[in-house]
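Engineer: Protein chains in written order, with my numbering: chain A, 47 to 364; chain B, 47 to 364; chain C, 47 to 364; chain D, 47 to 364; chain E, 47 to 364; chain F, 47 to 364.
Among the clues, some could well be false.
[As the list claims (entries may be wrong)] Every beta carbon over 12 angstroms from chain A, so not counted as near; a handful from chain F, in silico:
#1 Leu73
#2 Glu146
#3 Ala166
[As the list claims (entries may be wrong)] PhoX-like, lysine-lysine: derived pairs with alpha carbons at most 25 angstroms apart:
#4 B:Lys354 with D:Lys354
#5 F:Lys354 with D:Lys354
#6 C:Lys52 with C:Lys97
Note that these hints are calculated values from the structure, not bench results.
Backbone N, C-alpha and C fix where the C-beta goes; we use that ideal spot for every residue, glycine too.
What follows is each chain in one-letter form.
Protein chains: 6
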Amino acid sequence: MQRLPKLASLAVEDSGWGYFLCTYKELRAGRSGSEFLFLSLQDATAQVVAKVMADVSRYKDEFEAGEFVRVEGRGSVYNGQVQLKLSAIRRVNPEQDRREGFREEDCVLSAPRPIDEMWAELQEHLRGVRNDHIRVLLNRIVSDHEAELRVWPAAQQIHHAYRGGFLEHLTKMAEVGRFVANAYGADWDPVLAGIVLHDIGKLQELAYDGGTGSYTRDGNLVGHIALGIVMVREAVHGIAGFPDDLRAHIEHLIASHHGVREHGSPVEPKTVEAFILASIDELDARLNQVRKAIAEDASDGDFTAWHKRLGRVLYKGS
Amino acid sequence: MQRLPKLASLAVEDSGWGYFLCTYKELRAGRSGSEFLFLSLQDATAQVVAKVMADVSRYKDEFEAGEFVRVEGRGSVYNGQVQLKLSAIRRVNPEQDRREGFREEDCVLSAPRPIDEMWAELQEHLRGVRNDHIRVLLNRIVSDHEAELRVWPAAQQIHHAYRGGFLEHLTKMAEVGRFVANAYGADWDPVLAGIVLHDIGKLQELAYDGGTGSYTRDGNLVGHIALGIVMVREAVHGIAGFPDDLRAHIEHLIASHHGVREHGSPVEPKTVEAFILASIDELDARLNQVRKAIAEDASDGDFTAWHKRLGRVLYKGS
Amino acid sequence: MQRLPKLASLAVEDSGWGYFLCTYKELRAGRSGSEFLFLSLQDATAQVVAKVMADVSRYKDEFEAGEFVRVEGRGSVYNGQVQLKLSAIRRVNPEQDRREGFREEDCVLSAPRPIDEMWAELQEHLRGVRNDHIRVLLNRIVSDHEAELRVWPAAQQIHHAYRGGFLEHLTKMAEVGRFVANAYGADWDPVLAGIVLHDIGKLQELAYDGGTGSYTRDGNLVGHIALGIVMVREAVHGIAGFPDDLRAHIEHLIASHHGVREHGSPVEPKTVEAFILASIDELDARLNQVRKAIAEDASDGDFTAWHKRLGRVLYKGS
Amino acid sequence: MQRLPKLASLAVEDSGWGYFLCTYKELRAGRSGSEFLFLSLQDATAQVVAKVMADVSRYKDEFEAGEFVRVEGRGSVYNGQVQLKLSAIRRVNPEQDRREGFREEDCVLSAPRPIDEMWAELQEHLRGVRNDHIRVLLNRIVSDHEAELRVWPAAQQIHHAYRGGFLEHLTKMAEVGRFVANAYGADWDPVLAGIVLHDIGKLQELAYDGGTGSYTRDGNLVGHIALGIVMVREAVHGIAGFPDDLRAHIEHLIASHHGVREHGSPVEPKTVEAFILASIDELDARLNQVRKAIAEDASDGDFTAWHKRLGRVLYKGS
Amino acid sequence: MQRLPKLASLAVEDSGWGYFLCTYKELRAGRSGSEFLFLSLQDATAQVVAKVMADVSRYKDEFEAGEFVRVEGRGSVYNGQVQLKLSAIRRVNPEQDRREGFREEDCVLSAPRPIDEMWAELQEHLRGVRNDHIRVLLNRIVSDHEAELRVWPAAQQIHHAYRGGFLEHLTKMAEVGRFVANAYGADWDPVLAGIVLHDIGKLQELAYDGGTGSYTRDGNLVGHIALGIVMVREAVHGIAGFPDDLRAHIEHLIASHHGVREHGSPVEPKTVEAFILASIDELDARLNQVRKAIAEDASDGDFTAWHKRLGRVLYKGS
Amino acid sequence: MQRLPKLASLAVEDSGWGYFLCTYKELRAGRSGSEFLFLSLQDATAQVVAKVMADVSRYKDEFEAGEFVRVEGRGSVYNGQVQLKLSAIRRVNPEQDRREGFREEDCVLSAPRPIDEMWAELQEHLRGVRNDHIRVLLNRIVSDHEAELRVWPAAQQIHHAYRGGFLEHLTKMAEVGRFVANAYGADWDPVLAGIVLHDIGKLQELAYDGGTGSYTRDGNLVGHIALGIVMVREAVHGIAGFPDDLRAHIEHLIASHHGVREHGSPVEPKTVEAFILASIDELDARLNQVRKAIAEDASDGDFTAWHKRLGRVLYKGS
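Excised from the complex, chain A in its bound form (with noise of 0.2 angstroms):
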């Protein structure tokens, strides 16, 4: 038996064995009335729906949602959606299955990008400030930060939700905003300082254990704006020297990166850089619900179905 591909390529005619995290389990009772287990797995690629239709009674027991597994399967196909029907599934068993190829990492819905790649161009950001402070803020703070950093995603489910989505927010707002910040003749270090740093309060906010995100006490109680200002208050303490009006500059950035109060800003930007910094982080994340709108969609037809969130249809194109 051959190992299944990457969930992202699998096909209807692929069949074989692979690792993979399931994210959600249920006993559901078909129209037969006979159960049967609907789960979800998820790869380094993508998320799929996989169901076990025979030997329920025995398999049922052989692992739990948030566990990673070992299957055995095919592709199918319903609703227009590529599945996968389970002849077998149990819980990994680290030692033996690493033995066989098994890495965490492979299991867990990621960034389309190499982590170790955007770390390097975040740092290669960092190396780009000029102004002194900033870097020395910008530094300590992602140092301390670093195993978040690196894996984290952006947020419990609207964008960004996967591992190391955290990190390809920054980098691709870094990107784009670099551009931005030069075109306007705005002031490039701190809007790049707003934009490693507007969400960092996130790391305090929600829980990560490499599934999926939860908001924390601190997070349902504080918020990640209130949060993320603190820490970058307590980073600069740290600082000797550092300007007062950056440091507000710098905090102005957190405060208003929502935009609008409604969004949960308590201020609104007043600075070049803060109109730069919301407007770019709200693009950014706008783009990758719209991208995951469109590859998920599984309606016929040139548009997506009701995206509720976005209170629209997309077009996918003729």
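Using the hints provided, position chains B, C, D, E and F relative to the given structure of chain A.
Structural biologist: What follows is chains B, C, D, E and F alone, placed relative to chain A:
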């Protein structure tokens, strides 16, 4: 010549001399083409319009807006409001005028209750805190900012915009809040912490020189909610063993005290205590506005003129 | 077999018999295809889910939703919530069961305080009214509707939606309102009138048969605000010499008690008393909702599940 | 000297004398420093600006705003609008001037159709009511308020704000409403009741002394919607056997006629008749505003100046 | 076996055979675990639920949703609504069934008035246009699209969503609009042009195959307002001497007919005619929705169930 | 006497003569009762206030607002802003003054970059289009409107409201848009089409005579979005084989470029390209506003005065 009464009780038949703060000064042209000085004067009890109609050229450079002045004049009525018609005005000469009884605090519009009395009441509240961590925290922040907390206004202009207004706002909220918290079985200590600290960031948001407040750089760029959370976080760091859930709750009270995101709260109330704080804060500010609008209204009839900010007229009673 | 405890203190290890109101009944198919009865049972203290898993065909026609029932069963836990597993159920036979201690009011979800105690408190408030006209008016309306005011809920479902909820809402508002009115130098008598009468139109807006309320024709077509004003106007006509400005103020309190037009008030608060009434009404309703959501939440962790109407999660504490 | 024409047809070349109502009077200083009187004068057909440039000191105390005046003057043009330049002005001496043809109603801005004609049309509508209860109700209320209904304006300033405007609004709505109700198979009698009664509370909301309206205490505190419902309820009590569902429907029509809660309706339309009433009421008010704005616009070109309340310019045609 | 009556008059006691359009088909599992077919069937007069409970495996592949079917069955009642219980069902065999009286148009939910009658009425309106340019324009566009205008629905689902609904919407608006335009002295010819053309872009916005409409690429990407303006502009180009201000006014009527920008009008009404058009369009659509909701409501009592789109219940009358 | 410098670099110590456009002229009365002329003068670089204090009666009829003038004067400071005090002013005599170096384009407020340079850049973008149909379309429309595109402002007053502002807006958006489109893997050709054509309807919406723009009949009645779509449709008709889906996408870009319906877009973005276009359009317009507000602000301190349209103050930096 006798001394003029307090402005709150000024009548048409009064005449004499007095010390005031001049908060506004403009050289205007009358219908006949002749110039006169249009002024706003205040003492601790009220603010009135004053005019210099004669010898304008002699007096117009004798003082500036923002200075304390000594005036001579008499009451007059214009559009139903009592004003002062001045026959003489000059800036205060502190050394000399202090001997005549000039005191700065008598000339600045002030809360109706004596500051020492309100301050004692606040201290009484602090002594009553049962939770040791909260008591230490409040005592530390309050004593660190005693000078400002005693005399600052609560806002630049909307409500409690006079000397001691901040303290009046806190003590009235504490009086009401204690009863309400008790009535609803809420935890009083955190509610009191929310009352004392919800606007503490205004000490950095506004600059107050004894006259009117103005926004600081941090006030415009970061806003008093995030500033207050930073102040609390820093104070908490200095208190050994401060429980983290308590810290989060207090920061939540500050973050959510405007009640809804549209009014600048990055998060909305999620505890009974936070709902109570937002409710009594809004009621206290609103009633202060309403009382002021009714007191200052010069229109005839049972209702005030249209109040733009409140979007309605108010009933003065029959 | 012993009697089951009050539902508010039901535990997994309890078993026995009891009388309850069945408010919901549905025949459901389980995963295995077998049928079971899914029920909601309530007594004065709480409402719980109950299930009949065995002998379904025997019990399913023994009672209907809306009837009082006698059950036998034991506690069980499902998704973290205590439920009842029933081994027997039948409708109450009033004659016979009353001898065993059945009382309707014990089986209907009720305000936590005894009704007689709340009623006495309301009467105490009415006796304290100093304005003769207001006292006569309130006594007349309250005594005319004693039967409803003692047992009705305050709303169909949003807040205080249980037996005695209307009275609980009034007495709590009176307790808080008296303090707040005094603190702000407001006129207590009209505030009390507003508290007692603001929702009086609900007696015509809703129909309540001891179970849940439903909207009447007048409730849907005219609404409780206009209905209440009509009731007050008619009562005032029967009181010689009732001052017209007082009548207008009381009608204003009713008309404006939702605070803003968007929430159905045709006019907005224009007096200190009206601002206070709208504020304490909203706070009391909101806190009742919040307490209920926290009490009923079955999710793990420090926060409730998403509360759709409030648009947020709530903090249950750590 | 000949008599001036009606103001609606005043032209630059006209000169002579006339009687008018002076609705505004202000002593202004011109660019050269000299004073002049700036006035608004109206007769039944229009309102114009008038100025007294010469002998100001002689005329300025000869009359007050709100009085009927006798003027002499000639047409002039300012910013494209025809105005009156006055050479003489004095208050009317009723005894003497009546002999010269002065009549109050000729000097007050009025609906374009004669009041008697509109009144007859309204009576015709009332006679056509088939439902006995509605006919009795409408006849009773209309005859009780004939004096006001004949001459009042429909609003203080937004639409139909002139003598007879209320009646014009009712008769036009009845004309249109009858056709629309018939076209949609709606029940005409209740629609007519809604038309006649929807604003009946304005007779208590506004005070009208023949000039402009002002809000009464009841108008500000209770509002015309609740006031109208009370009036209807009281009238219905005096009619034996008035069906309760009919009463509820008529009160619903009044309660919901602003269409949405944001505009002050405590309930929203729930019957075909209520939807029709709200629609034709808004259209009639809106078109009256639009016609007025176009008629009074003094700007060049095809479009009016910016209309603040409507939030747009209006097309005057090419 | 006799033929079933029209669905609008179907009663429980009816039984027999008939031709219908099946618009929905789903295989469902009953409580007992057995399967049944849940269907929606329509004829010209109404749409009803139908079920096949027996011989499901025999009938389930005999037809698909979207096909015309021949059924045998009898009336039954479920939750207060009349349904059809089918004993047999198969797809129509056009050749054979036409001989038995099958006609497509009899089986598609249709406007209550005969299409030929509405078409004649529209033609009558067109003949009455006095402005030559408008008459030519309307005749050209209407005759170019006669096929669609006769049978299309007016919308995908909100209002007039049935065969002939577009034409019904136009003719009813023309009937009402002519009266209203005349009552307000508006120019009828452009109002009629607005009525006929305001939704003309829907012919490109929607695709209609005789069943329900769906959005086209142009409908989703450009929208019927801009599409309609383009259609008018192109038609105008083909008419020599069409006055440009008239063209602009007609395009304005199309552009502004949703009344406010929030509803998708890029400009808001700026002429009396445009205000009238937007008003009668909204009223006609709204009343069609209201009538439908009342007609289809299956709940007991005087009010419909909650209508989600309208955000209210509706009064069905007592 | 030497020539005055460009207004953007005018200083208090400058004096001399110059040519300017007078955009505003008003005869004002000073405090002393004497008259003076209050003017706005502009050249390509800035707009300043100018005053004629002496010999007013001699100069006041020597020119009108909207005319080019020759002035003599010197710099002065008022409220912190540099102004011009004029000792002489007259309208330009083109024949004679051209010999002295007068050129209209030097006297009209203009984009900071030379028009020829921006035009060349736009042409460069057009040459780079890979899709033949788009290239032909853009070239045709751009060359047809070269005269307007070179010199028009982008809006009447909100942003880029000066000579060449339209072209500046297009070229800056093209510069930024190309990078952003590439960064997000969007299709650059349609994005460029959207940039060049999104405001093309403004050429019919506004009338521009070299001074300020004003709304045309079509601008007020139809609006630039629908006008632009019509222009594109007509141009597309002239290009053989233009793919219909491409046409629809380009029209969608125009239709949706305001981002949300509330801002006047009849449809909202449904493609990655449309989201990008709306985002960069808003950012470019917003930053132009912000830069202007900061540049023109005359207040002291780190922040501008309150900016009404933006609803905030802006940070000028420390």
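Engineer: Next step is simple, just say for each hint if it's right about the structure.
Structural biologist: Hints, one by one, checked against the model:
no.	hint	result
1	Leu73	holds (39 angstroms)
2	Glu146	holds (36 angstroms)
3	Ala166	holds (18 angstroms)
4	B:Lys354 with D:Lys354	holds (16 angstroms)
5	F:Lys354 with D:Lys354	holds (16 angstroms)
6	C:Lys52 with C:Lys97	holds (18 angstroms)
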